[in-house]
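Mind docking chain B on chain A? Use the hints.
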Amino acid sequence: MISASLNAYIAVSALLFAIGFLGVLVRRNTLVIFMCLELMLIASTLALVAFSRFNGTMDGNTFVFFILTVAAAEVAVGLAIIVAYFRKKQTVQVDHINELKN
Amino acid sequence: MSPVSLALLVLLLPLAAAGFIACFLRRRGGAASFLSIAVAAVIAVGAFALALGGNRFEAATEWLRLGDFAFSLGFKFDDLAALMLVIVGIVGLCVHVFSAGYMHDDASRGRYFAGLSIFMFSMIGIVLADNLFMMFIFWELVGFSSWLLINHWFGKPAAAAASKKAFITNRVGDFGFLLGIVMCYWLRGTVNLSELGAQGAAGHALFSRAIPLLLFCGAVGKSAQIPLHVWLPDAMEGPTPVSALIHAATMVAAGIYMLCRIEVLMVPDALTVILWVGAATALYAALCAFTQRDIKKVLAYSTISQLGYMVAAFGLGSVRGIDERGEVVVVAAGVGAAMFHLTTHAFFKALLFLGSGSVIHGCHGEQDVFRMGGLASRMKFTFATFTIGVGAIIGLPLLAGFYSKDAILALAYANNRGAFAVLALTAVLTGIYMLRLWLVTFFGAPRSEAAGAAHEGGFALGAPLAVLAVLAAVGGYFGLHPGAFSGAFAGVFSLVHEAAGAAATVILATSIGILLAAAGIAFAVYRPAKVSAAGDAVEASAPGLFAALVALKESFDRVYDYYIRKIQQRLAMLLNFIDIIGLAGLLIRGGAGLVGMVGLGARALHVGKLSSYVYWFLAGVVVLWLFASGVL
Numbered sequence: 001m002i003s004a005s006l007n008a009y010i011a012v013s014a015l016l017f018a019i020g021f022l023g024v025l026v027r028r029n030t031l032v033i034f035m036c037l038e039l040m041l042i043a044s045t046l047a048l049v050a051f052s053r054f055n056g057t058m059d060g061n062t063f064v065f066f067i068l069t070v071a072a073a074e075v076a077v078g079l080a081i082i083v084a085y086f087r088k089k090q091t092v093q094v095d096h097i098n099e100l101k102n
Numbered sequence: 001m002s003p004v005s006l007a008l009l010v011l012l013l014p015l016a017a018a019g020f021i022a023c024f025l026r027r028r029g030g031a032a033s034f035l036s037i038a039v040a041a042v043i044a045v046g047a048f049a050l051a052l053g054g055n056r057f058e059a060a061t062e063w064l065r066l067g068d069f070a071f072s073l074g075f076k077f078d079d080l081a082a083l084m085l086v087i088v089g090i091v092g093l094c095v096h097v098f099s100a101g102y103m104h105d106d107a108s109r110g111r112y113f114a115g116l117s118i119f120m121f122s123m124i125g126i127v128l129a130d131n132l133f134m135m136f137i138f139w140e141l142v143g144f145s146s147w148l149l150i151n152h153w154f155g156k157p158a159a160a161a162a163s164k165k166a167f168i169t170n171r172v173g174d175f176g177f178l179l180g181i182v183m184c185y186w187l188r189g190t191v192n193l194s195e196l197g198a199q200g201a202a203g204h205a206l207f208s209r210a211i212p213l214l215l216f217c218g219a220v221g222k223s224a225q226i227p228l229h230v231w232l233p234d235a236m237e238g239p240t241p242v243s244a245l246i247h248a249a250t251m252v253a254a255g256i257y258m259l260c261r262i263e264v265l266m267v268p269d270a271l272t273v274i275l276w277v278g279a280a281t282a283l284y285a286a287l288c289a290f291t292q293r294d295i296k297k298v299l300a301y302s303t304i305s306q307l308g309y310m311v312a313a314f315g316l317g318s319v320r321g322i323d324e325r326g327e328v329v330v331v332a333a334g335v336g337a338a339m340f341h342l343t344t345h346a347f348f349k350a351l352l353f354l355g356s357g358s359v360i361h362g363c364h365g366e367q368d369v370f371r372m373g374g375l376a377s378r379m380k381f382t383f384a385t386f387t388i389g390v391g392a393i394i395g396l397p398l399l400a401g402f403y404s405k406d407a408i409l410a411l412a413y414a415n416n417r418g419a420f421a422v423l424a425l426t427a428v429l430t431g432i433y434m435l436r437l438w439l440v441t442f443f444g445a446p447r448s449e450a451a452g453a454a455h456e457g458g459f460a461l462g463a464p465l466a467v468l469a470v471l472a473a474v475g476g477y478f479g480l481h482p483g484a485f486s487g488a489f490a491g492v493f494s495l496v497h498e499a500a501g502a503a504a505t506v507i508l509a510t511s512i513g514i515l516l517a518a519a520g521i522a523f524a525v526y527r528p529a530k531v532s533a534a535g536d537a538v539e540a541s542a543p544g545l546f547a548a549l550v551a552l553k554e555s556f557d558r559v560y561d562y563y564i565r566k567i568q569q570r571l572a573m574l575l576n577f578i579d580i581i582g583l584a585g586l587l588i589r590g591g592a593g594l595v596g597m598v599g600l601g602a603r604a605l606h607v608g609k610l611s612s613y614v615y616w617f618l619a620g621v622v623v624l625w626l627f628a629s630g631v632l
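Residue numbers (our numbering), protein chains in the order written: chain A, 1 to 102; chain B, 1 to 632.
Don't take every hint at face value.
To be verified - A few chain B residues facing chain A, derived, Cβ under 10 Å:
| id | residue |
| --- | --- |
| 1 | Lys609 |
| 2 | Ser611 |
| 3 | Val614 |
| 4 | Leu618 |
Said to hold, decoys possible - Only pairs whose alpha carbons sit at most 30 Å apart, straight line, appear in this in silico DSSO-like list of lysine-lysine:
| id | chain 1 | residue 1 | chain 2 | residue 2 |
| --- | --- | --- | --- | --- |
| 5 | B | Lys380 | B | Lys297 |
| 6 | A | Lys88 | B | Lys609 |
| 7 | B | Lys553 | B | Lys566 |
| 8 | B | Lys566 | B | Lys297 |
| 9 | B | Lys156 | B | Lys297 |
| 10 | B | Lys609 | A | Lys89 |
Said to hold, decoys possible - Sample of chain B residues with no beta-carbon within 10 Å of chain A, all distances over it, derived:
| id | residue |
| --- | --- |
| 11 | Ala159 |
| 12 | Glu498 |
| 13 | Thr505 |
| 14 | Gln568 |
If you're looking for bench data, these hints aren't it; they were derived computationally from the structure.
Think of the CB as a built atom: it goes at the ideal place given N, C-alpha and C, for glycine as much as any other residue.
One chain only, chain A, in its complex shape:
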């Protein structure tokens, strides 16, 4: 079994984060943007778990539990908002979500 180094975990985490961030930047569908945001959260979670593992402390793991809890709550609220918005406007494209501007 190849034991992965810390750098490998961080590289994967950075890659996931970059993919998520890129998705937030370029995608137009709110639902996809939301998924990308989740991806970024998961990336940071992965980094924290790796830190925790390699430092031999529980600090990172504690963070992870908090992040997962908050992410779950956020998904519940965020998806609800998106669904409500779709019912009202029949679209979730961010280009159309600009009513505060006018």
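Okay, now just chain B, sitting in the frame of chain A:
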């Protein structure tokens, strides 16, 4: 009742009366006048009880503390304050009673009597104040009540203008007064009169001169000295009893009283300035009085002249005397002479003003003396009391003014012969113009219908005249006998300088000479046969002289007019221009424009596209990162 609470009652009762009238009795003139007169009577009784009760006290309470600066309100009741309080009490009561008759038909009697009461409150506050800050507060309050009462007939443009002129002119003097108080506090650390007295007039040579002279500015304004005298003749637009109380007997004398209060701060150089300001005012105003046809304005100039006399008397300063034990003592004779003349002047000038009020009332509002005449037979009582007043002011022996004027002349003879000459000349002029007024008003044939139908005004107008006539007759004896009233006012009157030996003969001869010269000239020039309704005898026979006097009288108003129109107004326009272009235009509008442009730029960022916000966010993170890593 303890003396302090009695003093507090005397101080606050008129304020309460004024407040009550203002709130509830504005439309009920009868009740308002009754309340106000009752309060004035209580004040008079309280003043006598305090003065003669032998109580001399100081009491203070802290009112405000700001860091190290404590502002106390308190009473300093010594012989000087007792004398002034009694004068204010007596004259105040007489004027209140007179007003009940004089203002009987006035529609806004309530406002008038509320004004009188608030004036009494303010004036008593000045009298009792134990520190300069408190005195300044009440100083401004008398200015306010003076404005209120001059302005009583505010429908008349002249009255409205006169009240504003009085207030603004006084503000000029009061500014100096305030500077003096601040400088005094800054350098001495206290403005309490007793503590200042304990310190004496020490300190830096420049400041020891500047403090009394700045404080004197307040007296110049309030007591109508050159060059701020211009408001007093105009103030005659107010009701006549107000002129008697405020612009003759009490408020304008507050300047003299204040000087006597701060006598301890005086240094010789300051006293010299004060002396010559007073002497110049006395002479100048006496000359101006010759040009006036209005009975009240003659008396107004006479008041300015007499106030100048008092200021000059104060400026003459101390004399060295030898006490019973043979030691040299310095007696503040200036205070004695000034306060002595203030006392007698308050009585006879209030009498003269109220007498003129009675004349005006009798002639249905006619104020031009050349349209009067022959009133001696129609208004016998007013004539008799007015004659006593005239006798007192021109220094007829045995009447009050004779003694107080002689006290000043004696002091001048001892300390400054130049001032003696000016004051003696002023006394001659005073005699002439007062006899002119007396002859033209009361003798000859009536020169108008109103004068022909003149009548006495009744009890309310007569009784105060009688009281004041008695006081104008006997008031001089207080000064001769400091021990009178069981020595209640000895602290003031024992300071009066009495000439002795050859000097006494000179003074007596001068005094009699002044009287004879004045009477001779007056009877020669203003013989009843020579007087006509058209105008002044001097104007007819020596128009050049009369025109010169008129020009002299108007010179100050002309200079001020020129200054305000040509200099101050242009400066104001310049400042206005700077304000509009510089402040409002560049600074304020420019600032608003700058902020608006920033807003315009910031608005451009707000495009309404979520992805562009993310880019901005990314840029922000980069900047923050650069900042955190020390690149920026």
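- Message: For each hint given before, does the structure comply? Return the numbers of the non-compliant ones in rising order.
- Response: none
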